[in-house]
Amino acid sequence: MTDSWFAALIPAACVTAAALAAMVVEAFRDRHEHPPIGLLGTIGLVAALAACVVLWDRNQVSFGMIQADNFGLFASMIVLVAALLTVALSAPAIERERLPAGDYYAVMLFAVVGMVLMAMAIDLLMIFLALEILSIGVYVLTGMRRDRVASSEGAFKYFLLGAFSSAFFLYGVALTYVLTGTTRLDRIGAYMAAEAMNTTPLMLIALAMLLVGFAFKISAVPFHMWTPDAYEGAPAIVTGFMSTAVKAAAFAAFVRVFLSALEPLQGDWAPVLWVIAMLTMILGTVVGVAQSNLKRMLAYSSIAHAGYLLVGLIAANEVGKAGILFYLLVYAVSNLGAFGVIVLMATRESPRDELGDYTGLWHVRPGLAALMTVFLLSLGGLPPTAGFVAKWYVFSAAVRAGYYELAIVGLLTSVVSVFFYLRVVVMMYMAEPAAQPARPAAGVLAMSALAVSTAAVFYLGILPTRVLDLAAASVGTIF
Amino acid sequence: MTFPILSSLVIVPVAACVLLLLVGNRDEARAGLIRWVALGASLLVFALTLLLWARFDASSADFQFVERVPWIPAFGIDYHVGADGISLLLVVMTGFLTPIALLSSWGSIERKVKEFSIFILALEAAMIGVFIALDLFLFYVFWDAMLIPMYFLIGIWGYERRIYAAVKFILYTMAGSVLMLVAILGLAWIHQQTTGAYSFDLLALGALQVPAGTQFWFFLAFALAFAIKVPLFPFHTWLPDAHVEAPTAGSIILAGVLLKMGTYGLIRFAFPLFPEAAAYFAPLLGVLAVIGIIYGALVAMVQPDMKKLVAYSSVSHLGFVVLGIAAMNLQGLQGAVFQMLAHGVSTGGLFLLVGMLSDRRHTRLIAEFGGLKSVMPRLTAVFLIITLASIGLPTLNGFIGEFLILLGAFAADWRFAAFAATGVILSAVYMLWMVQRVYYGPVTNEKNANLPDLTPREWAAAAPLVAAAILMGVAPTLFLKPAEPAVTRIVQQLEQVHRVAAPAPPIGPSADAAPGASRDLR
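Chains V and U, in that order, are what the protein sequence lines are.
Note that the numbering used here has the first sequence beginning at 1, numbered continuously upward.
Note that the numbering used here has the second sequence beginning at 1001, numbered continuously upward.
Possibly wrong hints are sitting among the right ones.
[As the list claims (entries may be wrong)] Some but not every residue of chain V turned toward chain U, in silico, with C-beta under 8 Å:
id: 1; residue: Pro383
id: 2; residue: Arg400
id: 3; residue: Leu412
id: 4; residue: Val415
id: 5; residue: Thr465
[What the hints assert, rightly or not] Some chain U residues judged to face chain V by a derived CB distance under 7 Å, without partners named:
id: 6; residue: Ile1072
id: 7; residue: Val1141
id: 8; residue: Asp1144
id: 9; residue: Gly1155
id: 10; residue: Ile1156
id: 11; residue: Leu1171
id: 12; residue: Met1174
id: 13; residue: Ala1175
id: 14; residue: Val1178
id: 15; residue: Val1182
id: 16; residue: Gly1186
id: 17; residue: Trp1189
[Stated by the list, open to error] If you anchor each label on the Cβ, the simulated ranges turn out as follows:
id: 18; chain 1: V; residue 1: Gly443; chain 2: U; residue 2: His1362; range: 42 to 48 Å
id: 19; chain 1: U; residue 1: His1362; chain 2: V; residue 2: Pro366; range: 25 to 31 Å
id: 20; chain 1: V; residue 1: Pro366; chain 2: U; residue 2: Thr1237; range: 30 to 36 Å
In case anyone wonders, no lab produced these hints; they're calculated from the structure.
Quick reminder that beta carbons are idealized off the backbone N, C-alpha and C, glycines included.
Here chain U stands alone, though its shape is the one from the complex:
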C-alpha cells in the first residue's frame, strides 16, 4: 500500500490538535512550547504539500493520489479523496499560509495560546479536506466543519465587535450551505432513481443526466452557497465584519484560503455538475462579478480603516475570479485559478502587514499613521511590494491572473472586460493612496516616531510572501502548468454540453431571470 499522502495532510493537523489538547497550559506557562509544536506541525504539513507537488503528474487531467474507502455503504458514501491540478495548487497554498498565520500570531495572541493553535490547525485540516474531497457528503462535512474553528477564532481573539462578526459569519455561511445540502441530497436521489444505488461520488454524479428544470434549481442552491463564501456581490456583507474583527491570523486564513473555497466550489462542483444551468446563469454571475469588482473598489477607496480597505479590496479581487469562471473558457478559468493563488499571497500578506502595524499601535485607522517610511523603512518596502503585487504590476503575481481573466472575459463578451478593467485602475487608486497616506510624507503623529521596524520573526513571516509574489510573477508557468490539464478538461465538459444543447430553449421556469446580460457569453 502506498503512503496515503492526501489523508496525511488532514491527519497531521488533527493529530497535532489532539497532542496540544494533552499539554497542560495553566497560566500560559507552556505557551512557547505550544507555539513551536503548532508551527512545527504546520510546517510538516507544508512539507507534505510540497512533496505532493513534486510527485504530481502535471500532464494528467485525472485525479491523482486517489484514496477510496467505503464510509457509509448503505448510501454509497465513500471516504474518497484525490487531487487534480486545481486542488493541488490550493492545497499547497493552504499549507503555505498556515505557518505564516501562526507566526503572525506570536506577537499578538497572548492568552489561550493552546486553544488558538488548536483552532488554527483544525481549520487547516478542514480546509485541505474541502479541496481534496471527491465525495459530496465528505465535502459538505469538511465545508461545514470548517465554520466551527473560524467562529471561535473570530469570536474569542477578535476585536471589539467580534461576537457580532463571528455569529454573522457562521449564520450567513450556514444559511447558504444548507440549501446546497438539499441539492446534494436531491442529486443522490436522482442517481438512485437512474442507477438503482445511492452515490455521493462527484464523478458518478457528474456523469448523470440531470433534467434541465432540476439543474436550474440545484445550480442555484450550489451557486448561492458558493457566492456567499466568495463573497459575490450582493452576498458580501458578512466579509468586512468578519475580516475586520478577526485576529490577524484569522484574517490571513480567511482571505487567503477560505474565500477560495467558494470559487473552488464553483469550478469543481457547480459548473461541471450542472453545465446547462451554468451556461444559462453565467452571464448573471458575470454581471454580479463586474458589479462586485467596481463596487468593492469604490467602497475600499473611502475606508478610513486599513483592514476594512483590504477587506473590500478582496470583494473586488474575488469578483475577477468569478468573472474568469463565468467566462467559461480556457483563459478565463486559468486566470481564475491563478488569481486565486495570487490573491491568497498578496491579500494574506496585506493582512499580515496591517496586523503588524496594528500590533504596534493598536489602531488601524489610516489617519493615525503617516510618514512611516522614515521610521520603518523595511516594513515600508515589504508593504510596497505586496501592494504592487495586489494591484497587478507586471512581474508580480497579480498581473498574470487579471490579464488572463480579462482576456477570457473579452472573448466571452467585450463589455465585461471593459467594465472590469476599470477595477484594475481603481485598485491602483485606493491601494496607492493608502500607501501614500500611511508611509509617505512627514511623521504627523508623535506616537509613530519611534516604532520598531521588522523583527526577525516578522521577517520570517513576511519574506516567504514576498518571495512567492515575485516567483509567481516571473515564473507563472510553474503555477499555470499543473492546473492546465484539469482546467482544459472542465472547459471541454462545459463546451460539450453547450454544443449538444445549443439550440435548446432557455432553461428553467422563467426565461428572463438573467437580466442585462448577453445570453451568448461564450
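Chain V extracted, bound-state conformation:
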C-alpha cells in the first residue's frame, strides 16, 4: 500500500471534470443550440475507465480515505461501464421527454463520482459522503420529469426514505466511532477482532444501524418499499442506471465494510442477513409475478437479484466475494440492455412500458424482440447467457460455505422469475400483433449500446474465464 498524494482519486476526478464541463456548456449554450454534452460525459467516463486500468495492481491510497485497490477498481469499472451504456442510451430519452440535457448529464455524472468514491472508500465517513453524493444525484434524476405525478411521487418517496436510512447509517458510524475511536475500516477491523469474543449491545446496535443503511440502498426486504415506486416513476433510462450502477457501488461498500471491518462479527450478522436474503429473494420474485408494468416488474426482479447477491455476501468466502463482482457486472449489462429496449419502445405520447405494449413486437421489430429476449433470459439465468454463469458462481459460493438452503431457494426463485421474464417473451413472440404495433425508431448510438450489451452477455456466458479470474484476483488483494 503506497500513500500517493492524488493518484487514487484520478478516476473520480475525470468524471468530476466531465460533470463540471457539462454544467458549463449547458450554462453558456444558445437557446437553440444542442451541444454534444453526452459526448463530454463519454469522454470523461472513458478517461476514468482508462485511469482504472492504469491504476490496476498498484494499490494507491489517497489521504487515507480512498484506496484504489483492485476490488475498488473492479467495482468502479462496473459503475463506469453501466454509466457509459446509460449515456449511450440517454439521447433518445432526453429528446423525447424533453429533459434538460446539460442538467441531466451533469447530475448523472456527479452521481457516478459518488459511486466511484464509494467503491474505493476505506473510511466510514468517506463512505457516508460518497453515499450522499450519489443519492442526491439519483433523487434528482428520479424526479427529473417534473410534469409527471408518478415521477415526483417516486422521487419524494425515495428521498424521504433515503434520508431516513442515511440517518441510520450515520448513527451507525457515530456509534462505531464511540466504540473504537476511529472511522478507518482497518482500525475498526482490528478493534472488532480483539473484541469479537465479548460483544456489547452497543456494538450490535452499531452493526444493525450500518446494516439498515446498506440494506436500504441495495433495496433488500424489508427496506425495499421505495424501489417499485421510484423505479416506475423515473424515466426508464434512469431506472436502468439506478438499478445497476447504484447497486454495484452500494454492494462494493457493503462487502468492504462487512467482510473486512465487521468480519469478526460474522457470527452476529450472518443469521440476520440470512433471513433478509431469503425474504428478499422470495418477495422479489413472488410479487414480481403479479406485475403488468415492465418497469415495475424489473424493479421487483432487481430486489430479487439483490437477494442473490446477498447470498454471495453471506457465504463470505473468496468465491462469494468474486461472485458478487462478477454478478454485478453481468447484472449491469443484462439489466441495462433490457431497460435500453424499454427506452427505445417509448413514444412521445406514451412510455409504452406496459406488458401489453409488447404484443407482437417480434413481427414488427424482430431484432429488438430478439435482443430483449437475450437480456431477459440472462436475467433469468439460462445458459448460454452470462446470467447463468453469474448465478452458478454465487450459488457455488453458498454451497461451499454449507448454505445449501440458500442455494436451493435462490435457484427455485430464479425459476419463478423465469416465469415472469417469459411473460414478456410470450407477449413479443406468441401473441398476435396489436392493431397498431409499436414501431420504435432506434438511433445508431443506442443500437450499438445494445449490441455491446448483447455481446457482453454472450461473452461472459460462454467464455467467462478471463473476467472470472480478474474478479477472483481483485478480491485476493484486500481481504
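Add chain U to chain V, keeping to what the hints say.
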C-alpha cells in the same frame, strides 16, 4: 491434430443457425432456400454421426473421440466431450430424427420458416451436446440451453393452448433441474475437499467416495431432474400438454430425443455417480416405472385425440426404459438402451404420421376419421407398420427392447415383470383400437373421402423410419453391440459397490422411504 468430430456435431448446426440468421426472409420470400439449407445442414450432421459410428471401436467400453480443452480452469471446468456406445447410439438417433422433423414441417410451417429452422437446428446442437458432455458443468449448460429453442417451438408454432404448454414445459423442467445444479455444485465441492481442486469431470467425480447420507440427497436431486424429463409417473403431467400443443416437428424431437435425455441422465450420471443411493432407490424407481407403464396405457386408451394417445403411450413406453434401468443388470440396461432407440423411431414415426393427418384435416380427433384405408392405402400401410413396431411385434424394433427389459426385471424381481407385462398387452389394445377406428370400416365422414395419399416429400420423411424399424427388428445386434461394453462397465460399477456395501444398513435418514418394494432388487 485429428478432426474433432464430436465438436463438429455441435458446431455444424450452430454454424447453420448463424448462416440462416444472415438470410433475409421478408414475407417468406426465401422460405424454400431456408428449408433446403436447414435440411442440408441436418443431413450433414447425420452423415457425420454415421461417420462417427463407422469409426467407433465397438469392443471398447471407454469414451472415444475424446476432446478436452480447459474452459474455466479456476473451477476445473473443461470443455470435455467423448462418446461411449450409449452416447453414440443416441447421437446417431438425434442426427437421424432431425432431418425427418425438418421435412415434416415443410407442409405445415408456413410462417417464420427462418426462425423455425434456426430453433430446430439449435435444439439439435444442444441435444447432441447433452449426449456427449463428460463435464457436469458442460452437461448442465446444454441441458438447460436446450429448453430455450423447444420453448419457442411449442410457443410460436404450436396449437391452441401452446403458450400454456410452452410455459409449463420450461418451468417444470427447470424446477427439476435447478436442484440437480445444487447437487452438481455440492459434488464439485466435495471433490475440492478431498483432492484440493475443483472438478466437474464426470470420471473424476465418479471416482469420489461420496458419504452415504450425502449420496442419498444428491441422488434424489439428480433423479428428480431426470424423472421429470423422462417423464416418470407422477412427474409426467407436462408431457401431454407439450406433446399435443407442439407442432409435428417439435413432437417428433420431443418424443424421439428429448425424453431420452432423462433416461440417458439416469444411466450416465445418477446411477454411476451415486451407486449406493441408486441401489437403495432402484425399487422405488421400479415401482413408479411399473405404475407409469400401466397408468400411461390406461389413460392412452380413453383419449379421443390421437396425438394425446401417442403422448400417453410415451409415458407407458418410457416406463419400460426406467424399469430396465432400475433392474440394474445387463439385460435390463441393454434393453433400456435399445428401447430408447426403438421408442425414438416408432413414436417419432407415430407423431409424424398423426401430423400428416392433422395437416390434411386440421383435427386429430379419432372420431373425425374412419375408413381411411380405402382413401389412402399407402399411409395406412406405413401407419400400421409403425404401430406394430410400437406395440412390440417380433421382427420389428419394439419387441427386442421390451423383451430384454422384462428379462432383466424378472431377474431382479418377478413381480415387476409380471405387472409390466400387462403393459405390453394394453399397448396392443389402445394402439390397434385406434388404428381400427381411424383406418378401417366405412368412410363415415364426407371430408375424408378425397384426402390425398402420401406425397413424395412425406415418403421421404416416413420411409427411413419404416426402414429403421425393420432393421432394428431383424438385426438388433447391430445396435446392441456398440453399447454392450459400456453397459457392462456400468453394471460392473454398480455391482462392485453393492458387493462392498452389501451388509451395510439402509442408507439415508429414513429407512422406509421406498415403500412396497423388495429391497433385494438384484
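Against the structure, the hints come out as follows:
1. Pro383: holds (4 Å)
2. Arg400: This hint holds: arginine 400(V) lies near chain U, its Cβ roughly 5 Å from the closest one there, short of 8 Å.
3. Leu412: holds (6 Å)
4. Val415: holds (5 Å)
5. Thr465: Hint holds; threonine 465(V) Cβ to chain U Cβ min 5 Å, cut 8 Å.
6. Ile1072: Since chain V brings a Cβ to about 5 Å from isoleucine 1072(U), closer than 7 Å, the hint holds.
7. Val1141: holds (4 Å)
8. Asp1144: holds (5 Å)
9. Gly1155: Because about 5 Å separates glycine 1155(U) from the closest Cβ in chain V, which is inside the 7 Å limit, the hint holds.
10. Ile1156: holds (6 Å)
11. Leu1171: holds (6 Å)
12. Met1174: The hint holds - methionine 1174(U) has a Cβ within 7 Å of chain V, the shortest such distance being about 5 Å.
13. Ala1175: holds (5 Å)
14. Val1178: holds (4 Å)
15. Val1182: holds (5 Å)
16. Gly1186: OK, holds: glycine 1186(U) within 7 Å of chain V, min 5 Å.
17. Trp1189: holds (5 Å)
18. Gly443(V) with His1362(U): 42 to 48 Å: At 45 Å between Cβs, range holds.
19. His1362(U) with Pro366(V): 25 to 31 Å: Hint holds: Cβ distance 27 Å, inside 25 to 31 Å.
20. Pro366(V) with Thr1237(U): 30 to 36 Å: About 33 Å separates the Cβ atoms of proline 366(V) and threonine 1237(U), which means 30 to 36 Å holds.
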